[in-house]
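Q: Our numbering puts the first residue of the sequence shown at 94, with every later residue one more than the last.
The reader is advised that the hints may include incorrect statements.
Subject to a maximum C-alpha distance of 35 Å in a straight line, what follows is the list of computed DSBU-like cross-link-like pairs (lysine-lysine) [as the list claims (entries may be wrong)]:
no., residue 1, residue 2
1, K207, K240
2, K247, K118
3, K118, K101
4, K111, K191
5, K147, K131
6, K131, K149
7, K146, K285
8, K269, K285
9, K111, K262
10, K269, K101
11, K269, K242
12, K247, K262
13, K280, K101
14, K244, K198
15, K262, K207
16, K247, K146
17, K147, K240
18, K101, K244
19, K244, K131
20, K198, K101
21, K131, K111
22, K191, K146
23, K280, K131
24, K124, K198
25, K247, K149
26, K118, K147
27, K247, K198
Treat the hints as calculated values from the structure; they're not laboratory data.
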Amino acid sequence: MENIHVVKNPILINIVTKLRDINTKSYLFRKYLSEAGKILLLESLRSEENILKKTKIETWIGSFEFPVLNEDDFVFIPVLRAGLPMLDGVLELIENGKSGFLGIKRDERTLESKVYYSRLPDLNGKTVYILDPMLATGGSLINAVTKVKEKNPKRIISLNIIGSPEGLKSVTSRFKDLEIYIGSVDKGLNNKGFIIPGIGDAGDRAFNT
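Input sequences plus hints: build the corresponding full structure.
A: Put into structure tokens, the structure is as follows:
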């Protein structure tokens, strides 16, 4: 699937292994989620064209034009709760990017996901990044993309740290134009919809709940 980009960065691979370790403390877990978000963002920008514009700045020897990112074009939307540390990471790189928030809850019995909170800025013509460590059944991402598409963005890119083949197939079969950058595609899902081996419940582990 050409829209799925599995990122083979060795630092990211190392981070994913640390996230899998059940002995990783919550404050380090959040830190690793943040660092993974940065790497995935950087990888997603590597092949992008026409995202830089010229701007005039004052240097120590006078005024010159240099390329800069048009940071106002970027909107980052974490899926609550686990996506919040990833938001911290990407905003360290694109500090003037805007943020929105989506709360999406999965029914543990039916495995269906529903949006319970939505706070989105103007997305018209913007490049929107959805941030969620886990892409399990794909239900949360489908809900997120559906919500975002209502606001007419230019592009939607999903940054995920770990996913399942089932979830990726479900999402990409529905949204042909969605770009996904992901750190690892694991074996599959168990009967409760959790990724195997995965990292467990990312939200619980990140916030020690």
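Q: Evaluate each hint against the coordinates.
A: Status of the hints after comparison with the structure:
no.: 1; hint: K207 - K240; result: 11 Å, holds
no.: 2; hint: K247 - K118; result: 38 Å, violated
no.: 3; hint: K118 - K101; result: 25 Å, holds
no.: 4; hint: K111 - K191; result: 29 Å, holds
no.: 5; hint: K147 - K131; result: 24 Å, holds
no.: 6; hint: K131 - K149; result: 27 Å, holds
no.: 7; hint: K146 - K285; result: 47 Å, violated
no.: 8; hint: K269 - K285; result: 27 Å, holds
no.: 9; hint: K111 - K262; result: 26 Å, holds
no.: 10; hint: K269 - K101; result: 23 Å, holds
no.: 11; hint: K269 - K242; result: 13 Å, holds
no.: 12; hint: K247 - K262; result: 23 Å, holds
no.: 13; hint: K280 - K101; result: 17 Å, holds
no.: 14; hint: K244 - K198; result: 21 Å, holds
no.: 15; hint: K262 - K207; result: 19 Å, holds
no.: 16; hint: K247 - K146; result: 17 Å, holds
no.: 17; hint: K147 - K240; result: 33 Å, holds
no.: 18; hint: K101 - K244; result: 32 Å, holds
no.: 19; hint: K244 - K131; result: 25 Å, holds
no.: 20; hint: K198 - K101; result: 30 Å, holds
no.: 21; hint: K131 - K111; result: 16 Å, holds
no.: 22; hint: K191 - K146; result: 18 Å, holds
no.: 23; hint: K280 - K131; result: 25 Å, holds
no.: 24; hint: K124 - K198; result: 23 Å, holds
no.: 25; hint: K247 - K149; result: 26 Å, holds
no.: 26; hint: K118 - K147; result: 44 Å, violated
no.: 27; hint: K247 - K198; result: 27 Å, holds
When each numbered hint is compared with the structure, violations occur for hints 2, 7 and 26.
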